[in-house]
Amino acid sequence: MEIERRVMLWRVRCFLVLAWLGSCSASLSAAGVNYEVVALMAIKNALHDPYNVLEGWDVTSVDPCSWRMVTCTGDGFVSSLGLPSQSLSGTLSPEIGNLSNLQSVLLQNNFISGAIPATLGNLQKLQTLDLSSNTFSGEIPSSLGDLRNLNYLRLNNNSLSGSCPESLSNIEGLTLVDLSFNNLSGSLPKISARTFKIIGNPLICGPKAGNNCTSVFPEPLSFPPDVLKDQPDSGSKSHHMAIAFGASFGGAFSAVIVIALLMWWRYRRNQQVFFDVNDQYDPEVCLGHLKRYTFKELRAATDHFNSKNILGRGGFGIVYKGCLNDGTLVAVKRLKDYNTAGGEIQFQTEVEMISLAVHRNLLRLCGFCSTENERLLVYPYMLNGSVASRLRDHIHGKPALDWSRRKRIALGTARGLVYLHEQCDPKIIHRDVKAANILLDEDFEAVVGDFGLAKLLDHRDSHVTTAVRGTVGHIAPEYLSTGQSSEKTDVFGFGILLLELITGQKALDFGRVANQKGVMLDWVLSLSLSLSRHASKERFIHETCSPNLASLTKHKTILT
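Residues in the sequence shown are numbered consecutively from 1, following our numbering.
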């Protein structure tokens with residue numbers, strides 16, 4: 001029996017080893033080398049990396065999923081390559097076409113030159129391609145038309161020439177195509193993108209130009225050889241001088257026009273700079289549906305940022321109530337410390353998060369303002385304020401929150417968090433869920449706001465930060481002790497929010513610290529233990545529930 005048992009264990013071990021080898025064979029070549037590692041190393045070797053951001057890319061590694069700037073699927077295949085704003089130069093290796101599972105390529109705001117590899121057309125799963133603000137040259141590969149799943153294509157602010165490939169019209173799901181500020185020429189194909197930007201290409205023509213395509217640059221004056229053939233030989237010297245003067249004047253005028261257009265192009269190119277955060281991971285940001293306001297507009301809307309219009313204060317800025325020229329009420333968040341790393345990251349994070357996350361129970365970003373000295377975000381104005389203000393502070397003329405509304409707020413907040421955790425890829429961790437960050441619209445629907453502490457989280461692992469961010473009393477213990485955030489961090493905050501909804505108390509009330517009731521969680525726990533053996537559930541509810549809730553709702557409703 002002992003021999004049979006050992007034979008059986010040996011067979012099981014062999015089966016597990018073979019199964020493991022089989023799962024790895026998909027990404028290994030015949031020589032046992034991971035083809036994705038080979039492709040990524042070719043990309044690294046073709047680039048000049050002044051800040052060594054790719055230092056951890058090792059050719060001896062079997063699994064590239066742990067490398068910086070690389071994201072993988074749950075099956076272990078490379079799905080995203082994000083290297084924006086890293087001061088990279090050199091060329092883009094054609095080996096990128098071997099990363100067949102890529103869904104996102106983000107290389108914007110670098111100095112990469114050379115031609116765009118035609119092998120990008122092999123990436124049939126690619127959804128986002130951003131090569132903007134580099135120095136790519138040559139023609140746009142027609143193979144990009146084979147990317148049938150492509151949604152976002154940004155090739156703006158390069159030195160691309162030639163015509164726009166007709167094959168791009170084959171892509172039906174395009175949302176944004178930005179080819180602005182290049183040297184493209186010829187006619188345009190009929191591209192079915194929702195947003196198509198082509199400004200800054202003076203030699204480009206419309207889709208209906210056909211063979212009559214003409215340049216917006218003035219043609220230099222020229223004369224055919226037979227212009228003066230039939231002129232009499234007795235022409236005066238002044239006549240020839242007039243012709244020479246006219247030709248010289250025309251050429252000089254053309255040169256002035258060309259120089260003026262080039263200066264205008266460079267001015268417009270510089271004006272396109274939105275933000276540039278060096279040495280930061282800068283994922284895809286879609287700003288096509290957002291309105292860019294001028295600082296003058298927002299200053300006037302808030303009455304020069306009058307303190308009477310302050311709606312709230314946060315760790316990164318102050319929120320003002322504003323009224324636009326058309327009478328629309330908005331909330332304007334004026335970020336502070338704009339010239340520090342935290343301020344820049346805050347602005348970038350808020351724009352990214354709210355642009356990518358769209359849900360009924362998430363705060364919608366209407367627009368933004370970015371100047372040399374200011375960073376502002378514009379949101380819809382929430383008529384009913386925050387949950388915190390309606391639970392504790394008396395607002396004249398506003399009804400108190402009854403139990404049914406509080407349950408609705410809890411459910412709406414939960415739906416918003418579920419969307420952030422399960423519907424967004426990568427996941428989004430809020431990290432500061434509390435009543436003050438849950439807003440109420442005109443229908444008392446909960447809207448999760450303040451993504452200032454939100455963090456993109458790769459689905460493969462939780463994120464470890466060097467500084468814990470959040471509000472005292474709402475921070476999960478493991479996050480506070482280890483700096484490691486996950487969905488559980490938001491679940492803990494949501495639990496504290498539920499206690500706030502029930503008790504109407506702050507999570508940490510320094511006014512109650514003297515009575516050892518400063519921390520609401522400890523207070524509720526100790527009260528529950530002391531009453532568990534000596535009192536009924538009704539007594540517990542009476543001790544914990546908000547006074548205005550107790551007056552509005554019967555205990556039986558709360559118990560259910």
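Worth double-checking, as some hints may not be accurate.
When the alpha-carbon atoms are kept at most 20 Å apart in a straight line, the in silico EDC-like pairs for lysine to aspartate or glutamate are as follows [to be verified]:
(1) Lys296 <-> Glu372
(2) Lys407 <-> Asp441
(3) Lys291 <-> Glu374
(4) Lys321 <-> Asp303
(5) Lys291 <-> Asp326
(6) Lys197 <-> Glu166
(7) Lys125 <-> Glu95
(8) Lys407 <-> Glu445
(9) Lys488 <-> Glu422
(10) Lys321 <-> Asp402
(11) Lys296 <-> Asp326
(12) Lys190 <-> Asp146
(13) Lys125 <-> Asp425
(14) Lys407 <-> Asp443
(15) Lys44 <-> Asp58
(16) Lys291 <-> Glu372
(17) Lys125 <-> Asp146
(18) Lys488 <-> Asp441
(19) Lys427 <-> Glu487
(20) Lys44 <-> Glu95
(21) Lys321 <-> Glu374
(22) Lys308 <-> Glu297
(23) Lys407 <-> Glu372
(24) Lys321 <-> Glu442
Now the in silico label distances, taken between C-beta atoms and shown as ranges [claimed, not checked]:
(25) Arg194 <-> Ser307: 37 to 43 Å
(26) Ala300 <-> Glu139: 44 to 50 Å
(27) Arg194 <-> Asn52: 24 to 30 Å
(28) Glu442 <-> Ile259: 53 to 59 Å
(29) Glu139 <-> Ile199: 16 to 22 Å
(30) Gly162 <-> Val38: 28 to 34 Å
(31) Lys308 <-> Asp58: 56 to 62 Å
These aren't lab readings, by the way, just hints derived from the structure by calculation. Note that the Cβ used here is the ideal one computed from N, Cα and C, for glycine as well.
Hints versus structure:
no. : hint                          : verdict
1   : Lys296 <-> Glu372             : 13 Å, holds
2   : Lys407 <-> Asp441             : 15 Å, holds
3   : Lys291 <-> Glu374             : 16 Å, holds
4   : Lys321 <-> Asp303             : 9 Å, holds
5   : Lys291 <-> Asp326             : 14 Å, holds
6   : Lys197 <-> Glu166             : 16 Å, holds
7   : Lys125 <-> Glu95              : 16 Å, holds
8   : Lys407 <-> Glu445             : 11 Å, holds
9   : Lys488 <-> Glu422             : 13 Å, holds
10  : Lys321 <-> Asp402             : 27 Å, violated
11  : Lys296 <-> Asp326             : 15 Å, holds
12  : Lys190 <-> Asp146             : 16 Å, holds
13  : Lys125 <-> Asp425             : 15 Å, holds
14  : Lys407 <-> Asp443             : 14 Å, holds
15  : Lys44 <-> Asp58               : 10 Å, holds
16  : Lys291 <-> Glu372             : 18 Å, holds
17  : Lys125 <-> Asp146             : 10 Å, holds
18  : Lys488 <-> Asp441             : 27 Å, violated
19  : Lys427 <-> Glu487             : 9 Å, holds
20  : Lys44 <-> Glu95               : 10 Å, holds
21  : Lys321 <-> Glu374             : 17 Å, holds
22  : Lys308 <-> Glu297             : 18 Å, holds
23  : Lys407 <-> Glu372             : 44 Å, violated
24  : Lys321 <-> Glu442             : 16 Å, holds
25  : Arg194 <-> Ser307: 37 to 43 Å : 41 Å, holds
26  : Ala300 <-> Glu139: 44 to 50 Å : 46 Å, holds
27  : Arg194 <-> Asn52: 24 to 30 Å  : 39 Å, violated
28  : Glu442 <-> Ile259: 53 to 59 Å : 55 Å, holds
29  : Glu139 <-> Ile199: 16 to 22 Å : 20 Å, holds
30  : Gly162 <-> Val38: 28 to 34 Å  : 31 Å, holds
31  : Lys308 <-> Asp58: 56 to 62 Å  : 59 Å, holds
Checked against the numbered hints listed earlier, the structure breaks hints 10, 18, 23 and 27; every other hint is satisfied.
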